[in-house]
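Student: Spelled out, the chains give:
2 protein chains.
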Amino acid sequence: MGLIVQKYGGTSVKDAERVMNVARRITDAYKAGNNVVVAVSAQGDTTDDLIEKAKEINPNASKREMDMLLATGEQISIALLAMAIEKIGCPVISLTGWQAGVKTDTKYSAARIKNIDTERIHKELDSRRIVIVAGFQGINKYDDITTLGRGGSDTSAVALAAALHADVCEIYTDVDGVYTTDPRICKEAYKLDDISYDEMLELASLGANVLHNRSVEMAKKYNVKLSVRSSLNNNEGTYVKEVSQVEKMLVRGVTRDNDCARIALCGVEDTPGKAFQVFEMLAKAGICVDLIIQSIGDGKSKDISFTVTEGELDAALKILEENASMINAREIKSTKDVSKVSIVGAGMVNNTGVAAKMFEALYDAQINIKMIATSEIKISVLVARNQAEAAVNAIHSKFLSK
Amino acid sequence: MGLIVQKYGGTSVKDAERVMNVARRITDAYKAGNNVVVAVSAQGDTTDDLIEKAKEINPNASKREMDMLLATGEQISIALLAMAIEKIGCPVISLTGWQAGVKTDTKYSAARIKNIDTERIHKELDSRRIVIVAGFQGINKYDDITTLGRGGSDTSAVALAAALHADVCEIYTDVDGVYTTDPRICKEAYKLDDISYDEMLELASLGANVLHNRSVEMAKKYNVKLSVRSSLNNNEGTYVKEVSQVEKMLVRGVTRDNDCARIALCGVEDTPGKAFQVFEMLAKAGICVDLIIQSIGDGKSKDISFTVTEGELDAALKILEENASMINAREIKSTKDVSKVSIVGAGMVNNTGVAAKMFEALYDAQINIKMIATSEIKISVLVARNQAEAAVNAIHSKFLSK
Numbered sequence: 001m002g003l004i005v006q007k008y009g010g011t012s013v014k015d016a017e018r019v020m021n022v023a024r025r026i027t028d029a030y031k032a033g034n035n036v037v038v039a040v041s042a043q044g045d046t047t048d049d050l051i052e053k054a055k056e057i058n059p060n061a062s063k064r065e066m067d068m069l070l071a072t073g074e075q076i077s078i079a080l081l082a083m084a085i086e087k088i089g090c091p092v093i094s095l096t097g098w099q100a101g102v103k104t105d106t107k108y109s110a111a112r113i114k115n116i117d118t119e120r121i122h123k124e125l126d127s128r129r130i131v132i133v134a135g136f137q138g139i140n141k142y143d144d145i146t147t148l149g150r151g152g153s154d155t156s157a158v159a160l161a162a163a164l165h166a167d168v169c170e171i172y173t174d175v176d177g178v179y180t181t182d183p184r185i186c187k188e189a190y191k192l193d194d195i196s197y198d199e200m201l202e203l204a205s206l207g208a209n210v211l212h213n214r215s216v217e218m219a220k221k222y223n224v225k226l227s228v229r230s231s232l233n234n235n236e237g238t239y240v241k242e243v244s245q246v247e248k249m250l251v252r253g254v255t256r257d258n259d260c261a262r263i264a265l266c267g268v269e270d271t272p273g274k275a276f277q278v279f280e281m282l283a284k285a286g287i288c289v290d291l292i293i294q295s296i297g298d299g300k301s302k303d304i305s306f307t308v309t310e311g312e313l314d315a316a317l318k319i320l321e322e323n324a325s326m327i328n329a330r331e332i333k334s335t336k337d338v339s340k341v342s343i344v345g346a347g348m349v350n351n352t353g354v355a356a357k358m359f360e361a362l363y364d365a366q367i368n369i370k371m372i373a374t375s376e377i378k379i380s381v382l383v384a385r386n387q388a389e390a391a392v393n394a395i396h397s398k399f400l401s402k
Numbered sequence: 001m002g003l004i005v006q007k008y009g010g011t012s013v014k015d016a017e018r019v020m021n022v023a024r025r026i027t028d029a030y031k032a033g034n035n036v037v038v039a040v041s042a043q044g045d046t047t048d049d050l051i052e053k054a055k056e057i058n059p060n061a062s063k064r065e066m067d068m069l070l071a072t073g074e075q076i077s078i079a080l081l082a083m084a085i086e087k088i089g090c091p092v093i094s095l096t097g098w099q100a101g102v103k104t105d106t107k108y109s110a111a112r113i114k115n116i117d118t119e120r121i122h123k124e125l126d127s128r129r130i131v132i133v134a135g136f137q138g139i140n141k142y143d144d145i146t147t148l149g150r151g152g153s154d155t156s157a158v159a160l161a162a163a164l165h166a167d168v169c170e171i172y173t174d175v176d177g178v179y180t181t182d183p184r185i186c187k188e189a190y191k192l193d194d195i196s197y198d199e200m201l202e203l204a205s206l207g208a209n210v211l212h213n214r215s216v217e218m219a220k221k222y223n224v225k226l227s228v229r230s231s232l233n234n235n236e237g238t239y240v241k242e243v244s245q246v247e248k249m250l251v252r253g254v255t256r257d258n259d260c261a262r263i264a265l266c267g268v269e270d271t272p273g274k275a276f277q278v279f280e281m282l283a284k285a286g287i288c289v290d291l292i293i294q295s296i297g298d299g300k301s302k303d304i305s306f307t308v309t310e311g312e313l314d315a316a317l318k319i320l321e322e323n324a325s326m327i328n329a330r331e332i333k334s335t336k337d338v339s340k341v342s343i344v345g346a347g348m349v350n351n352t353g354v355a356a357k358m359f360e361a362l363y364d365a366q367i368n369i370k371m372i373a374t375s376e377i378k379i380s381v382l383v384a385r386n387q388a389e390a391a392v393n394a395i396h397s398k399f400l401s402k
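Just so you know, the protein sequences line up as chains B and U, in that order. Quick note on numbering: the working numbering labels position 299 of the first sequence as 299, and the sequence is numbered without any gaps. Quick note on numbering: the working numbering labels position 72 of the second sequence as 72, and the sequence is numbered without any gaps.
Bear in mind the hints are in silico, worked out from the structure with no lab data behind them. Do not rely on the hints blindly, as some may be mistaken.
Treat identical chains as interchangeable: a pair holds within one or across any two.
[Stated by the list, open to error] Here are the computed lysine-lysine pairs in the DSSO-like style, where the Cα-Cα straight-line distance is at most 30 Å:
#1 Lys318 / Lys370
#2 Lys114 / Lys141
#3 Lys123 / Lys141
#4 Lys402 / Lys225
#5 Lys87 / Lys318
#6 Lys31 / Lys63
#7 Lys141 / Lys87
#8 Lys14 / Lys225
#9 Lys14 / Lys53
#10 Lys220 / Lys402
#11 Lys63 / Lys53
#12 Lys300 / Lys336
With the hints as constraints, model all of the structure from the sequences given.
Tutor: Pasting the structure below:
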């Protein structure tokens, strides 16, 4: 008999039919002799509807009251899911975040889990009950309800799996697992059987919206074995775990991220500390800078280009314009017409030639590279947005053809 | 500076506009220098919508999970109301039932408040915050969420007022206060300035749907002064408190209750214990019997008639038919075509002639009396339903004309 933690997202429980479907999946695992703990998100659009209600009354409501409001979404889900399991005839109990002992820090709307007091859950499991826990929420030291922010339910599930020493944490979603690239833009894409935490982290942060990074980081830290799979079929998913890459492919996946924009500061004075000043200014405003390129200066002037997310482009430009005299650039240019295409693979660091092979693929496809950045397990390039899909296909063919 | 507990029902907070309206009312009381604690119900149809969601999945869901589900309704209200108050710019905090320390017994869906641990509320009041508490809900000794059943939010408010020793508990509703009778069926009806707990109890149980009996009983027990008033205007409402009736009118109100049905057991054997057997049978099935009349038997047979609510008529008839051989009646008849009309007044008990005056009013209006029941502070008669409004008007004219 094992202990399984399962997580179901909002689309998996969006209506009565889906809730019953999820209930059957849970009771199957239970009837097979396992102890089962489930973390569940708010149904479909519930969270958005609640945010809409709040905005109508006060667009600047405190985060404490927003958390009080939003936490009801998951509470509705756990009650309905428990009712569905009752109907099937298995013993079950639903627990809110605070009832499940999920203790967080005090940062409302983006709280971090500090620890889980598992006493109540263990008591329920000892009575052979299925335990349904509200994801995305916890309680802080003031006994106030907090929510965990984006990807919160994944994080709840992994934290529960870690605290309970579960055998596996199954993340149910609307895709079959982790793919070599987005199947919607590359016909050759195929599902990976397993992938390492680090690779998953890079894939997630690069736009493969399967698992939120926080949950993968936590899974890595506590060595929780994740299984990413579909709630709509019984296909084997993808395991995320410590994988030995000997004898394995170097490149595991190709990603495309359209959520980027490029800013170029042309003709900046070529003096030490200039780049530091610019990026410190942006960091203070909470703007994340991704790729950075600085041309080799001639002693008089140089060009600095970097990317930010599309949503932060306007804010970044505003700051740069406000400090134009300090920056003293000849010209500030920007464009949203770019995408970031990356390859990810843990084996890459020890192998030469991977970057060259990637650039060759792009050259063969006549795609111009605007920026390049590399890390131990990934290589990213910036290309024109209308060439991004072609770039993904070209790179996928080069590295991942079956 | 006083301490005021206010209660707002579901219609008072049904949409953003109403929520803002209620927020202004609360902050006005706060700005006048009072400490304010508010108990609030779920918005408009929220509770019904949640029940509908549950039924779609499992019509026989456990009460524990129903309470988990329904408690979200009030949690949404308190968050939204707190946001509205934040917008006005007053310090405020919302608290769920468990955060407010509302401890109940373990009877899910119809829990009784055992005590309120007011530590948290006092702490918030000490920081001069307005405290918004979720009505209708509490927590039991297992740390599980319970709901209080019908009239629960009124009960929450009165319990809070009692525990906090509030100066007054203001119950906001969609009527202006307690009337001598239903203004919709009697043009002469007028609002009472004050009324005693006992009179209010009789009026509430007789169909004046202003305050739930549980809350009035609790107010009486802890001597909480209630003010029933409208959330839509600034009219003075009706105070419910210990009132000396010396020099006051004998009759305070006339009520009509259409939710009744009459069952007659004709030609029952006239032996001791027969009535006992019948009513014990019904009591065991949880069916409340209201008015009872037994004809004087002739030693051989007698007639027993009684009333039940419309909703319980079918269940009652089923039980009687199942036990037909034991009851051994010549005939069992039933009708829904009846209404109960009552007069209520604490002074009645010491005054003769009140009943006679009531019957005279009905005789003058040519209304036939089918059954009669009296208590210390009320007299009820059963009449044909299509004559009930006429009966109310005739009696009101007789006793309560201005």
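Student: Taking the hints in turn, state whether each one holds.
Tutor: Hints and how they fare:
no.: 1; hint: Lys318 / Lys370; verdict: within (24 Å within a copy, 83 Å between copies)
no.: 2; hint: Lys114 / Lys141; verdict: both (10 Å within a copy, 26 Å between copies)
no.: 3; hint: Lys123 / Lys141; verdict: both (23 Å within a copy, 15 Å between copies)
no.: 4; hint: Lys402 / Lys225; verdict: within (27 Å within a copy, 80 Å between copies)
no.: 5; hint: Lys87 / Lys318; verdict: between (57 Å within a copy, 28 Å between copies)
no.: 6; hint: Lys31 / Lys63; verdict: between (41 Å within a copy, 24 Å between copies)
no.: 7; hint: Lys141 / Lys87; verdict: between (37 Å within a copy, 26 Å between copies)
no.: 8; hint: Lys14 / Lys225; verdict: within (27 Å within a copy, 46 Å between copies)
no.: 9; hint: Lys14 / Lys53; verdict: both (19 Å within a copy, 11 Å between copies)
no.: 10; hint: Lys220 / Lys402; verdict: within (29 Å within a copy, 81 Å between copies)
no.: 11; hint: Lys63 / Lys53; verdict: both (14 Å within a copy, 28 Å between copies)
no.: 12; hint: Lys300 / Lys336; verdict: within (29 Å within a copy, 99 Å between copies)
In terms of the numbered hints stated before, the structure departs from none.
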